[in-house]
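Protein chains in written order, with my numbering: chain A, 1037 to 1580; chain B, 22 to 283.
Bear in mind the hints are in silico, worked out from the structure with no lab data behind them. Be aware that one or more of the hints could be misleading.
[Unchecked claim] Straight-line C-alpha distance at most 25 Å; calculated SDA-like pairs for lysine to any residue:
#, chain 1, residue 1, chain 2, residue 2
1, A, LYS1210, A, GLY1333
2, B, LYS125, B, ALA103
3, B, LYS244, A, ASN1155
4, B, LYS244, A, GLU1113
5, A, LYS1280, A, GLY1265
6, A, LYS1210, B, THR115
7, B, LYS244, A, GLY1561
8, A, LYS1228, A, ILE1358
Here is what each chain is made of, one letter per residue.
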Amino acid sequence: MNLIKRSLHRGHTFWLALAAALGAVAALGAQGGGVTYEQLVRAGDDPANWISYHGQYNAQRYSRLAQIDRSNVDRLELAWVRQLPVLGQVQTTPLVVDGIMYLTTPENEVYAVDAATGNVFWTYRHDLDDTLALCCSKQSRGVGMLGERLYLTTMDAHLIALDAATGTELWDRKIADHLAGYSMTAAPLVVKDMIVTGTGGGEYGIRGWVDAYDAATGERRWRAYTIPGPGEPGNETWEGDSWKTGGASTWMTGSYDPDLNLIYWGVGNPGPDWNGETREGDNLYSDSVIAIDADTGEIRWHFQFTPHDIHDWDACQVPVLIDVEVGGRVQKLMLFANRNGFFYVLDRETGRFLQGREYAVQTWAQGLDDSGRPIRVPDMEPTPEGKLVYPDVNGASNWWSPSYSPDTGLFYTMAYDGGAMYYSAESEYVEGQLFVGGSHVPQTSDDARVSAVRAIDPQTARVVWEHRVQPKSMSGVMTTAGGLVFAGTVTGNFLALDAETGDDLWHARLGGNVIAAPITYQVNGRQQVTIAAGQAIFTFALGD
Amino acid sequence: MVALAAAGVLTAALPAAAQRPLASIDAQTGVDANPYTSDEDVAVGEELYASRCSVCHGPEGRGDRGPDLTRQVYRHGNSDRAIFMNILSGIPNTGMPSVRLSDKEMWQIVAYVRSLRAPAEMAETGDADAGRALYARHDCGRCHFVDGEGGRLGPELSTIGWSRSPVHLRASIVDPGGDIEDDYRQVRVVGADGSPTVGVLLNEDSYSIQLLDMAGRLRSFMKSDIDEIERPQVSLMPSFAGRLDDPELDALVAYLSSLRRR
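Throw the hints in and build the complete structure from the sequences for me.
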């Protein structure tokens, strides 16, 4: 290392310094830059950066980087750790743009850190309201980026624009009433010049929606309600006024097809969760995936996975978009590993069901009919005495990001086999109060639970291989051109599997729950892999 | 269901105060009015204030780097409870830290701060509109940011009227180097090829250094790749001593004092 000289230059004036700086063309170091819509559309061509929550609009969470591959992954070493002084579980998917990493904490803080060292450039903290209506825990899973701005949604229902270079707040819009149960924990989706966000609140009797906001001003462009109002098709699937408090939240980040100009978004459970007696009917568009016209907010099509759900198996999983050639024609497909235990292949132009099959243990349906509608097993509803049903309330999968590798042609998801006793109860709607109509008790002790990374062939909807992890996992997965699948476990293991076979190639013990999804990117010519665990961010790269 | 907890258990929303990680017993039980307001409490509060608060808020509460506490309206809440919570938890994105004292001591500080409030807000002597024009004429927005517009190198000024006293604002204009905040220290990194990068120091350890360069970009350098680090002990802001006369300074201070976005 060169000797670092420290000197005082009192004679320098501001203008001389400015002139010197502007005259210099620095060839060293990371540089923050912006993200254009065109870059978002072609994100797959730029694997050095990870510029949106899913990495790409298609949500494949696949990277073309191959510096780390099956032959050398066992040489992965810790590059840096960034501890975050928070109490909650960090579930962020960071963004990395030109060597700058942007991440969030469960307190609605945003950090800009140097992706090469983990050192902090700046931090921003939203002053959260003291009173929050959250079903589960404080959380913030990431930011969106457009131009040199970051976009954060908050648990007290704000949409905030920040300057990416300084963390300065540019504007702050209150977009819903958090005291009535609306809250945001997901990273927003940037589409064209809009910021698209859903809302939580499925346990608070909200009426869900997906919103688009002007990225420059924060003004709302459109709102797509996920429960049709009176006179709109689908409203008749709700008994009486139950549509007003039917939930159908939209709490995870959707995906987008720029060619079809359609935004795809998973929709949450109907409310009250475990008592469907007051909301007879299919309860559209709860437990569905919807396709939204990006320009107008019109819902072009929907597909409902679980009509009249009474187990809280909401469909807030990530819709993964792939194109496959069948008989000389490119088919535009959507792959969806649903919380209800079934894997679905849909035509994403029309929403038509193509095929589906169970990918985890489930006891509530005999199968799917030709339209994809479940054929229910009788008497599986929650009761006051309790009813044992698989999957449990966490689902066969959940918000844990899946992945698709175009190299193997396989879809990968974290899956969980477990059941729960489901109890029903009376529930009366009171604004801002939980509105769930029952409860549930998992039937498997934590240390006996088993999860598995499952690889599914979209051509057949069959599980090709599985890699079981114990005791369980709630992590997302990521695939790379190095032939790898990365995943984690709640006991703090972070692992790399062979994408062809599921063989365990490498793991590290991080000492904290991995309830997040990995990313990969390149800094100074070096491929790195980053994952959140516990209250920290861990980054790995190949050892020298 | 939103945001599955690690245990996968549905939990009800916590009571308001319980969600603050540092919330004290009194705060959690919802005490709104100060239970410690005797003359003796005020006297104890004054001693505590002198040792813990005066360095930023000034010896008599008239503000310096920190806000003037004698004003009628506080940006972050006027109630006893709000002041108590701001002492207890600090105020995000400001220089106000969390102060760890007993509940009683914090209430006593609240009692003293209450006793400081002037009967009426002191009027600014300058012409804020003229100050706004001066701000534009001297291109202050090149480096400073106000309500959605401006540069990145200097401190944001959208709320500077809340957080800085007029005395401190005036001093900062005529002698910017007199009190440089840690977040705005100048640094000059010279690469092995001799190319310099000037900016504001954001972070540094034994192996690397991070800064915001003059073009407003985040930069990181490994020390093994650089030849020299210079630390000019001068502000990046030019002094306006001699460039503005007294009425102009009054006007500019009045304009800056008026910047009080909530």
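Evaluated hints:
Proximity of A:LYS1210 to A:GLY1333 is assessed by CA-CA distance (about 20 Å); at most 25 Å being required, the pair is judged to hold. Taken as a hint, the B:LYS125 and B:ALA103 pair is honoured in the structure, with Cα atoms around 15 Å apart against an allowance of 25 Å. Between the alpha carbons of B:LYS244 and A:ASN1155 the distance comes to roughly 13 Å, so the proposed pair stays at or under 25 Å and holds. The suggested pairing of B:LYS244 with A:GLU1113 holds, with an alpha-carbon distance near 21 Å, which does not exceed 25 Å.
Between A:LYS1280 and A:GLY1265 the CA atoms are separated by roughly 8 Å; this keeps the pair inside 25 Å, and the hint holds. The hinted pair formed by A:LYS1210 and B:THR115 meets the criterion: a straight-line CA distance of about 21 Å does not exceed 25 Å. Annotation: proposed proximity of B:LYS244 to A:GLY1561 holds, straight-line Cα distance about 18 Å (limit 25 Å). Simply put, A:LYS1228 and A:ILE1358 have alpha-carbon atoms about 21 Å apart, close enough for the 25 Å limit, and the pair holds.
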